[in-house]
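Enquirer: Protein sequences, first through last, are from chains A and B.
Quick note on this note's numbering: the first sequence kicks off at 348 and runs consecutively.
Quick note on this note's numbering: the second sequence kicks off at 1468 and runs consecutively.
Rather than coming from a laboratory, the hints here were simulated on the basis of the structure.
The structure presented is a predicted model; accordingly, all values stated were derived computationally and were not measured.
All C-beta atoms in this analysis are idealised placements derived from N, C-alpha and C, irrespective of residue type, glycine included.
One should not assume that every hint holds.
To be verified - Pairwise CB distance ranges (calculated):
hint, chain 1, residue 1, chain 2, residue 2, range
1, A, L510, B, A1715, 40 to 48 Å
2, B, F1597, A, T555, 30 to 38 Å
3, A, G419, B, G1772, 50 to 58 Å
4, A, A441, B, G1513, 39 to 47 Å
To be verified - Coverage of chain B stretches by chain A, computed from C-beta distances (three or more under 8 Å per stretch; other residues unrestricted):
hint, stretch
5, 1559 to 1570
6, 1726 to 1734
What the hints assert, rightly or not - Computed list of chain B residues with no C-beta within reach of chain A, every gap over 10 Å:
hint, residue
7, D1500
8, R1509
9, S1536
10, D1635
11, S1648
12, E1694
13, P1758
14, L1774
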Amino acid sequence: MTHVKHVTRDWAAEWATGGGEPLRFLGPDGGLVQPDLPRPPDDLVREALRLMLLSRALDEKCTNLHRQGRLGLYAPVQGQEAAVVGSHLAIDPAVDWLVPASREQPAMLRHGWALDRMLASFLGRIDAARIPDHVRMLPRQQSIAAQLPHAVGIAWATSIRGLDGVTLAYCGDGATSEGDFHEACNLAGVMGVPLVLVVINNQYAISTPVSRQTRATRLADRARGYGFPGVAVDGDDLFAMYEVTRQAVERARAGQGPTMIEAVTYRMSFHNTSDNPSLYRDPSEVATAGQNDPVARLVAYATGAGVMRPDAIEAVEAEVRAEVEAALDRALSHPAPGPEEIFRHVFAD
Amino acid sequence: MRAEKDVTLLEAVRAALFDAMEDNDRVVLLGQDVGRLGGVFRATEGLHAQFPGRVFDTPLAEGAIVGSSIGLAIGGLVPVAEIQFLGFLHQAFHQVTQQLARYRFRTRGRFHLPVTIRAPYGGGLRMPEFHPDSLESQLANVPGLKVVTPAFAEDAYSLLRAAIRDPDPVLFLEPQRLYRSVRGRVPHDGAADGDFGARMRRDGDDLLLVSWGPSVHACLAAADELEERHAVRSAVLDLRWLSPLDHARLHQEAAVRRRVVVVHEGVRTAGLGAEVVASLQESLCDTISLPILRVTAPDTPYPPGRLEDAFLPSQDKIVEAALKVMDRP
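The following block holds chain A by itself, in its conformation from the complex (with noise of 0.2 Å):
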């Protein structure tokens, strides 16, 4: 167990207090950048990577099934993977509910949503995709921020009911310019409820970069006009994302409200697979922010402090790909939905 804990240190006061750059841990030479600095456990470690790799795999085979005209439209994770699997390692989807934005694969795979299930989604395959009963997820959102208010009213209702559970929710740098975002952390810290809320900030809403969304310099900023604690974090740095999260989550289990986590990372890929980046953005800052991978730099990490071999972490990376293979065959064996079930699940029957 490597694992340290740092009760004494509140991040988000730190962050408060600093100067406004993000909270980085773990450097993009995969080094921990103060040698005090927590890190996680190793088995943790192994596990965000695994994700991290299935999720890459994933984007891969969805990416192409999609040029071969087997898959609809496809939003990879690519780039922004250490921000969705650190901060979800903080949470247990036995109690925590957990609200997705769009591209949060490998938090929703975490939570229960099995592969086979998720690819379905992506190939139409609309009632084998349905979120088993005992997930507490909710599904993608398509209308950017209105997820929200729901995730308020969740982590409310937790709060209504004294039960334990705090709801993990996501949105991107646009979704800030929502109205639903605003109402949604007003009332989030009016009523004190055990949320914590991820802004995936990876500078692009499709082809508009965030400085056009808003003149801030830092999304986390906007949480101390809603009474609440912000902290922004190196995006690409599991580390940080994983504590400053897991942190987040205790205050929420403790009844001290929500947190607003901006994890500050780059959108690697296209938008969706119907986008071209080419038309809006410079090859130059891709290739920049490529060498902030996040999954690179775990690996560096994981390689150097001894937690995994190189030939280990190749086994891995066969072994997803092997698994998405395995449950692409699985979501193609269940049925595609009939003209019927459309007028299936409007009302109660």
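Start from chain A and add chain B according to the hints.
Expert: For chain B alone, kept in the frame of chain A given last:
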């Protein structure tokens, strides 16, 4: 509070809320000023004290009221949200139409939303802009929503109980003009009828007046005048549920009388009256000739209060339309 005998429509709403909260501790209320004040019309008066921790004043944000109600329902509660006036529901329209109405369908039944949204609407009280707007046709146009409006105190009680018990979202539209002007008896045992049908409010063989909410009373007054002065005997059908519409009852009552006037406070174009006319036409055009006219608000924005009498469907306009439709071959 339970089993009040003779009450106003407003008191019937309050009694239904009280009884629903007493019968099911998952029922919670939320909205602007619904707590300590008891709502701007006092519909929730006393409930904040009677049900501690279950009646919530929210920030002034309709989108958050509807959006968080969705989450409250997913989280296991039965939210009854008040939108202070229906005209302000547009501030939450994306949450109503894209989210509330579609969760069951989108998730193939994994989530369903037993959410009731109460909202006062309708004219006659000299209200400021937006407060009297009748938006029912915009809501009836949304698959996945149920829309209901009472015209009598008895219905205010029983239909609100049915709405709260419904496993799907219901927009419960309360005619604000009738809050204190109509009285009725609410059931002693608190039982609610789950009847989704329309109701005949007055019988008559010559003509069918079709309406809902506040206009039902204008129709009843017009029917009396038609009988006394013109010897025309009019039936008045109160649709109550605007979505789903009780097509069968509508067709049945229209077929036997063969003359119909549809009356509503919403504006004319694409108003719900057009749907009623189309439904009758599609069902009956092969068998009978069916003259139908509409009496509605004109296609203008809702005017300032001192002009609203000219805007609203009046007894005079209904009588005029009825006589005209009686003259048709």
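Enquirer: Now look at each hint and say whether the structure bears it out.
Expert: Each hint, compared with the structure:
1. The supplied range of 40 to 48 Å is met by A:L510 and B:A1715, whose beta-carbon atoms lie about 44 Å from each other.
2. Restraint check, B:F1597 to A:T555: a C-beta distance of roughly 32 Å satisfies the suggested window 30 to 38 Å.
3. Distance hint for A:G419 and B:G1772: a CB-CB separation of about 52 Å, consistent with the stated range 50 to 58 Å.
4. The hinted range of 39 to 47 Å is satisfied by A:A441 and B:G1513, whose Cβ atoms lie roughly 40 Å apart.
5. Coverage of a stretch by a chain is defined here by at least three residues with a beta carbon nearer than 8 Å to that chain's beta carbons; for the stretch 1559 to 1570 of chain B and chain A the count is 4, and the condition holds.
6. Counting residues of the stretch 1726 to 1734 of chain B whose C-beta sits closer than 8 Å to any C-beta of chain A gives 0, which falls short of three, so the coverage hint is violated.
7. For B:D1500, the requirement that its beta carbon stay farther than 10 Å from each beta carbon of chain A is met, with the minimum near 14 Å.
8. B:R1509, annotated as away from the interface, keeps every beta carbon of chain A farther than 10 Å; the closest lies near 24 Å.
9. With a closest Cβ-Cβ approach of about 6 Å to chain A, B:S1536 is found to fall inside the 10 Å limit, against its non-interface label.
10. Non-interface call for B:D1635 relative to chain A: violated, since the shortest CB-CB distance, roughly 5 Å, does not exceed 10 Å.
11. Against the 10 Å criterion, B:S1648 stays outside the reach of chain A, whose nearest CB is about 33 Å from its own CB.
12. Every CB of chain A is more than 10 Å from the CB of B:E1694 (nearest about 40 Å), matching its label as outside the interface.
13. Against chain A, the non-interface label of B:P1758 holds: every CB pair exceeds 10 Å, the least being about 34 Å.
14. With a minimum CB-CB distance of about 32 Å to chain A, B:L1774 clears the 10 Å threshold, and the non-interface call stands.
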